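K.L.:
Each protein sequence line maps, in turn, to chains F and S. Everything in the first sequence is counted per numbering that gives the first Met the number 0, starting at 0 for the first residue and increasing by one. Everything in the second sequence is counted per numbering that gives the first Met the number 0, starting at 0 for the first residue and increasing by one.
Hints are computed from structural coordinates only; laboratory data are not their basis. Hints are supplied without guarantee of correctness; some may be wrong.
The list cannot tell twin chains apart, which means a pair is met if one copy fits it or any two copies do.
Said to hold, decoys possible - Below 25 angstroms or equal to it, Euclidean Cα-Cα: the simulated DSS-like pairs (lysine-lysine) are:
| id | residue 1 | residue 2 |
| --- | --- | --- |
| 1 | K101 | K169 |
| 2 | K34 | K107 |
| 3 | K35 | K136 |
| 4 | K58 | K107 |
| 5 | K136 | K206 |
| 6 | K180 | K136 |
| 7 | K169 | K206 |
Since the structure is predicted, the reported quantities are computational estimates derived from the model, not experimental observations.
Protein chains: 2
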Amino acid sequence: MPIVNQTHIAKKLKISRATVSKALSNADDISEGTKKRVRDLAEKDNYIPHYHASNLQSKRTNTIGVVVPDISNSFFPFVIDGIMDVAQNSGYHIILTVSREKADLEKKNILNLLSMRVDGILLAVSKETRSTEVFEKVRRSEIPIVFYDRTMDNLGFSTVRIDDRAAARKLIDFVIQSGIKEIGHLAGSSIIGIGRDRCAGYIDALKNNKISIRDEWIIEGGFTRMDGYHGFKQLQGKGTLPKVIFAANDQIALGVYDAVREIGFKIPDDISVVAFGHHDFANVLSPSLTIINVNPFNLGKKAMELMIQQINKQKSTQNLFIPAEIEIGASLCIPKAVDLSI
Amino acid sequence: MPIVNQTHIAKKLKISRATVSKALSNADDISEGTKKRVRDLAEKDNYIPHYHASNLQSKRTNTIGVVVPDISNSFFPFVIDGIMDVAQNSGYHIILTVSREKADLEKKNILNLLSMRVDGILLAVSKETRSTEVFEKVRRSEIPIVFYDRTMDNLGFSTVRIDDRAAARKLIDFVIQSGIKEIGHLAGSSIIGIGRDRCAGYIDALKNNKISIRDEWIIEGGFTRMDGYHGFKQLQGKGTLPKVIFAANDQIALGVYDAVREIGFKIPDDISVVAFGHHDFANVLSPSLTIINVNPFNLGKKAMELMIQQINKQKSTQNLFIPAEIEIGASLCIPKAVDLSI
DNA sequence: TTGAAAGCGTTACCAG
DNA sequence: CTGGTAACGCTTTCAA
Numbered sequence: 000m001p002i003v004n005q006t007h008i009a010k011k012l013k014i015s016r017a018t019v020s021k022a023l024s025n026a027d028d029i030s031e032g033t034k035k036r037v038r039d040l041a042e043k044d045n046y047i048p049h050y051h052a053s054n055l056q057s058k059r060t061n062t063i064g065v066v067v068p069d070i071s072n073s074f075f076p077f078v079i080d081g082i083m084d085v086a087q088n089s090g091y092h093i094i095l096t097v098s099r100e101k102a103d104l105e106k107k108n109i110l111n112l113l114s115m116r117v118d119g120i121l122l123a124v125s126k127e128t129r130s131t132e133v134f135e136k137v138r139r140s141e142i143p144i145v146f147y148d149r150t151m152d153n154l155g156f157s158t159v160r161i162d163d164r165a166a167a168r169k170l171i172d173f174v175i176q177s178g179i180k181e182i183g184h185l186a187g188s189s190i191i192g193i194g195r196d197r198c199a200g201y202i203d204a205l206k207n208n209k210i211s212i213r214d215e216w217i218i219e220g221g222f223t224r225m226d227g228y229h230g231f232k233q234l235q236g237k238g239t240l241p242k243v244i245f246a247a248n249d250q251i252a253l254g255v256y257d258a259v260r261e262i263g264f265k266i267p268d269d270i271s272v273v274a275f276g277h278h279d280f281a282n283v284l285s286p287s288l289t290i291i292n293v294n295p296f297n298l299g300k301k302a303m304e305l306m307i308q309q310i311n312k313q314k315s316t317q318n319l320f321i322p323a324e325i326e327i328g329a330s331l332c333i334p335k336a337v338d339l340s341i
Numbered sequence: 000m001p002i003v004n005q006t007h008i009a010k011k012l013k014i015s016r017a018t019v020s021k022a023l024s025n026a027d028d029i030s031e032g033t034k035k036r037v038r039d040l041a042e043k044d045n046y047i048p049h050y051h052a053s054n055l056q057s058k059r060t061n062t063i064g065v066v067v068p069d070i071s072n073s074f075f076p077f078v079i080d081g082i083m084d085v086a087q088n089s090g091y092h093i094i095l096t097v098s099r100e101k102a103d104l105e106k107k108n109i110l111n112l113l114s115m116r117v118d119g120i121l122l123a124v125s126k127e128t129r130s131t132e133v134f135e136k137v138r139r140s141e142i143p144i145v146f147y148d149r150t151m152d153n154l155g156f157s158t159v160r161i162d163d164r165a166a167a168r169k170l171i172d173f174v175i176q177s178g179i180k181e182i183g184h185l186a187g188s189s190i191i192g193i194g195r196d197r198c199a200g201y202i203d204a205l206k207n208n209k210i211s212i213r214d215e216w217i218i219e220g221g222f223t224r225m226d227g228y229h230g231f232k233q234l235q236g237k238g239t240l241p242k243v244i245f246a247a248n249d250q251i252a253l254g255v256y257d258a259v260r261e262i263g264f265k266i267p268d269d270i271s272v273v274a275f276g277h278h279d280f281a282n283v284l285s286p287s288l289t290i291i292n293v294n295p296f297n298l299g300k301k302a303m304e305l306m307i308q309q310i311n312k313q314k315s316t317q318n319l320f321i322p323a324e325i326e327i328g329a330s331l332c333i334p335k336a337v338d339l340s341i
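The whole structure should be built from the sequences, with the hints applied where relevant.
P.N.:
The structure is reproduced here in structure tokens:
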């Protein structure tokens, strides 16, 4: 006997479907006796309310659609965790979709979510996304959308992201305060927002501390481990190495580790690394790395909180910047000076 | 103008709702002219089909509910990735729920999924789960359920998990083949299935290779980093240290690293570590660790594939064991003998 | 080629 | 306290 519906209960009890519905929702104009009989039979015959059938009336699904570009990127699971934390406490369900960094999949996912009449959409744009066409469709649908981490700016939607520039400034300030002025930067790509922002923060900090900027110590590239590896090699080719390397993300930092290990340097005796990362990562490499923790869990929470406010029309569009915290690893022991001049 | 429905289109075009429905689904008993007018207006006025309203008829939601015990455990995101990979290629949507290792939340999640009339449930049980009551409810509902990774055996449901015993045997065989016979084991807890299975595989391998088992080299404990740390300390207290330590999971391995670093030993010169882990983890620590890769992505794929077969009644209940692959890190350079006899 | 009517599982309104 | 009826958005069957 599979799941039964209210009609089944009504027939068996020889009462109307309306009465069953009210009894199950514990309405106060139904006698205790009827309620009991309905509930008992519901339990016995395996009645389970049909979520979507009810939602058909209420015009609300209590469901939020989430679009993640890449779930195997260790950053996003923590964001999801933050989202789910708030969702669970507020009675929302989560439909998870993954765009695999593809614009077409992202579009398909968004349309599906609209079709499912989610109450709102939380989205981090894929690396490929250029067109804003789908987002205009979302706007017309009047379903609130909140961009998290990877945002589309100037579209008038709410956004939540890490304050990368301030965070980088904070991290580099910390390094300088520790007495080190020779700081190189593997900056990733300046085409990407986070690349630009983190580099800007690095420059901010040097300027504020009246340290002259050495262009040859700012290496552009990508954000992968390989880029970190080659970036370090490039730095090496410049003659004098900095004492601390600021990696724009954790993958780059790993690449630096690879290169450093290869040439037989010791961390932190010969050279130190600081990087953007998040707690899980720090946990694995700790205590060998000082990071600025971008706290994805917190980001997810804030994004979801903002989402709920938008649904309840308590807040209008806004752009939230989340501050990041420094986590200090052992790598910031003052390194010996290293001169590689050839 | 928010999302409109078929009635809106019907009224505006002065045709019936039935015609609109058929035109939109491209039925072949509707004229091209009508179809075009319907489609154009649908596009213009922002019509988006109502997923759940259609499903109300078809009795199918093309939705799979997934229950994950802990999404911040780096294992599960990869499982989800594998699930989504298959889901996307088969037109299924995923509702993600997290039980946070709590039995009550797990139960609540399952009931919600049933209420949403998912076509199937993929579940890894929480650490707390003892009662099988909810699972009986699922059985009565005739909605297929597949347990992945953390299974409830002997309940007659399908299960998919790593063949831990064979994997451990393979890993230890590999170590022995490399010429090392002194292998200790930080085994986690024997109350937990994976703990038992991995330890059994370790013993299998030693026996097969006619190496006597030294009980003092098998340390029970938990599965956390702290357990790894203290486990190593315990080993140290026994006098002679083994040359290779087999950690039952990656967290334990990290703890061993901590302890080893603390006493100033070098890996792999003084001692080596091999462990159960997965690719992401190996990627971070590589090349310092040899692991048996439990390939969560593959596990997720297999689980989802089995799910789809169950839904289509192509396969009856079955228990799948996934083999794991060795990934070789540098740590298996034959270490120098270390004698800590006090 | 089109449309009227019934139905999917539920809730809301109003009458008895 | 109970129940008939309409409605939510859509599909399907059958008749025109």
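K.L.:
List in ascending order the numbers of the hints, as given earlier, that are violated by the structure.
P.N.:
1, 5, 6
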